[in-house]
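2 protein chains.
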Amino acid sequence: MTTRFARRMEALKASEIREILKVTQRPEVISFAGGLPAPELFPVRRLAAATQEVFEEEGTRALQYSTTEGHPPLRRKIAERMNASWGAQVTPEQVLVTSGSQQGLDLTGKLFLDEGDVVLCESPTYLGALSAWNVMRPRWVEVATDDDGMDPAALESKLRAHPNAKAIYVIPTFQNPSGRTWSLERRRRFMEVVERHDVWVVEDNPYGELRLEGESVPSLKSFDTKGRVVALGTFSKVFCPGLRIAWVAADLSVIEKLVILKQGADLQTATLSQLQVNRYLEENDLDADIAKIIPVYRERRDAMLSALEQEMPPGVRWTRPQGGLFLWMTLPANLNARTLLDECVRQNVAFVPGGAFFPNGGNENTLRLNYSNMPIERIREGVKRLAASVAKEMERAGVLEEVPATP
Amino acid sequence: MTTRFARRMEALKASEIREILKVTQRPEVISFAGGLPAPELFPVRRLAAATQEVFEEEGTRALQYSTTEGHPPLRRKIAERMNASWGAQVTPEQVLVTSGSQQGLDLTGKLFLDEGDVVLCESPTYLGALSAWNVMRPRWVEVATDDDGMDPAALESKLRAHPNAKAIYVIPTFQNPSGRTWSLERRRRFMEVVERHDVWVVEDNPYGELRLEGESVPSLKSFDTKGRVVALGTFSKVFCPGLRIAWVAADLSVIEKLVILKQGADLQTATLSQLQVNRYLEENDLDADIAKIIPVYRERRDAMLSALEQEMPPGVRWTRPQGGLFLWMTLPANLNARTLLDECVRQNVAFVPGGAFFPNGGNENTLRLNYSNMPIERIREGVKRLAASVAKEMERAGVLEEVPATP
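As they're listed, the protein sequences go chains Y and W. The opening position of the first sequence corresponds to residue 1 in this note's numbering, with each subsequent residue numbered one higher. The opening position of the second sequence corresponds to residue 1 in this note's numbering, with each subsequent residue numbered one higher.
Heads up, a few of these hints could be off.
Since the list gives no way to pick out one identical chain from another, each pair is judged satisfied if it fits inside one copy or across any two copies.
[What the hints assert, rightly or not] With a straight-line Cα cutoff of 25 Å, these simulated SDA-like cross-link-like pairs (lysine to any residue) come out:
1. K13 <-> E395
2. K13 <-> R137
3. K392 <-> E343
4. K384 <-> S85
5. K226 <-> M9
6. K13 <-> S85
7. K226 <-> E10
8. K292 <-> E57
9. K158 <-> E213
10. K292 <-> E395
11. K158 <-> R298
12. K13 <-> L252
13. K226 <-> D285
14. K13 <-> E115
15. K158 <-> R46
16. K13 <-> N134
Just so you know, these hints were derived from the structure itself, not from any lab.
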């Protein structure tokens, strides 16, 4: 008998994204792999100034322990932002500050999931939600999802087939990995179905404020009449990820339980980081910062879309995101994105193979492309190399249907 | 049917310490309740200077995502410190940076524990370990512990009674809550017993560098020949807790798994906080800082011990810690520390009732006193009020044995 790990470890593997990111840290690699915001847009100097004031005016407090729930003025500001931009109605007491949105996933997984519980999700869904919730060993059931969002009829039928389903995990706006956004109509119908059943909803919305075009759509949380929607938000994509300041907003009865779980998980999020963000928000206009990020990302998205249009061989499809950081590509059915990645890495281009975003496997002919982290010239050059690799793989796999089977 | 939480939530309650801390945040309260370091000793100005340099020299990097394992130069420094002060032999690759030591507990709980697994611990043990590991629903078995540490014969017999015991959680140096330190001989014998069986050891050592008197004793990790000891360390008590920088040091095979779990839990610890601590350590002598903390805590411990000697009614016992932040008090058997706390809070004095530190209950006549967070005059005044409340409770409970039973 050897010293043993818990059974859950048999199924948990290192995140593909993180492992690829390591390979792609070399400066010569054109990486479409990560979900990294553009670092040149971080407000370094203004955050440095706010930080210095925190040290001068409340230095000892910033370095001491603080409450698990989070810094009260920051919770107030988060509630205000949510009420303004998510169309939600949230009080400061309904906000729990977390160490990244990833921690919101860890805590909600612990709160809702017993081993074997059924969880519904979009297909594909966010890899990080799988790694957080798989610790609790649930059973993932994918619900058919198209360009307008999750299919309400498919959801209804899955909820009937699994009447004990515990939670539904969704990213309705600029989804990771697909870049899709649910229509208003789909959101309404989703909530109608949910309220007829008895199930938690975790609405993950890290990208919602990064709308590059079109009208904004209210969050699921804004339709929540029964306190069933647990909303996850973060400053990582609209401010910076290196401070790890994010939040959960939910019914008080849920927040109280999440606080207990957060005490066990890490006691509290760093006091200094919370005071820094709070001070920054007091002295700066985050919406104005976001308004500067958007044209840059829009330009990058457009550069990627037009390069794809020009370079990609026929038979390859991709989404056209209205915001966020990602688009999603579907290769001909018999191509494998993991094989393609090997070839691309030799060409110093990286992306994330899409198979990892499907909890029950398959869909190996898909991939996720990030457009926020590279300047336009590198995006063009990267897409060129990617397209050449795709063409090569298509040829190798005999996909080029124009070539007659026999001479 | 109402929307349901996971079964584990039935047993998880809000941490008594955290709830009491909230009540005791009023400035008039003399609090012996928390485990807070003395904030007046935080090196605010020097950390502010180091932070400013981080912003100037590597600002964008500090605000971006970084690897789950932690900032490499910080991992190197942590390994060096462990090898110097714990008597351990650890490489930088064997160090995972965590968001507080509490996260080390969360991650090791996930790694080792299936529902129903037996876990051994000291009696009493750290409340925060209970809240972290109880998420996995283990069965706690307390092992007899005296002033020299865990009893090796008792440990052997518990391991025979529970041959599938999965892990042993211990704080061998300046234990929280008891203030006890295991002798060198006990450490050796503990590791002999452990290596005859097949069980993980989690050695939590947040206070080891805060030795107020006597000779330092090597960590359990330094006796670990089979890679079974997972060591938890932190900067919270020797530097400041508000940055939440701590670490796990363990065999590579364990670290690899913990990295996967940390990806799921919070992706990474804040990049900026790691760069701040790293820069601070480069430019300052942390050992010299610690050398300034020690006489202050020694004076406070001594003030508490002599006030207890003077004020406490006969029949009350307490430990005499050689270091750390806590001492442990045992009241006459029929007194209840929770009742005593109610009375003390009316007198604006707070502590943590000891019952919460016993996973299987009982021992309601014990309590934990912190001496690091209050100046000497307030310690004396607080002990005076505490002693008066104890005397009152003893009278009420009829403990004063000098009073004849019949006149």
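Right, here's what the structure says about each hint:
no.	hint	result
1	K13 <-> E395	neither (32 Å within a copy, 61 Å between copies)
2	K13 <-> R137	both (13 Å within a copy, 23 Å between copies)
3	K392 <-> E343	within (9 Å within a copy, 79 Å between copies)
4	K384 <-> S85	neither (37 Å within a copy, 54 Å between copies)
5	K226 <-> M9	between (36 Å within a copy, 21 Å between copies)
6	K13 <-> S85	neither (36 Å within a copy, 34 Å between copies)
7	K226 <-> E10	between (37 Å within a copy, 22 Å between copies)
8	K292 <-> E57	between (30 Å within a copy, 24 Å between copies)
9	K158 <-> E213	neither (33 Å within a copy, 65 Å between copies)
10	K292 <-> E395	neither (42 Å within a copy, 70 Å between copies)
11	K158 <-> R298	neither (37 Å within a copy, 64 Å between copies)
12	K13 <-> L252	between (34 Å within a copy, 15 Å between copies)
13	K226 <-> D285	neither (33 Å within a copy, 55 Å between copies)
14	K13 <-> E115	both (18 Å within a copy, 21 Å between copies)
15	K158 <-> R46	neither (49 Å within a copy, 58 Å between copies)
16	K13 <-> N134	both (10 Å within a copy, 24 Å between copies)
Of the hints listed earlier, those the structure fails to meet are numbers 1, 4, 6, 9, 10, 11, 13, 15, in rising order.
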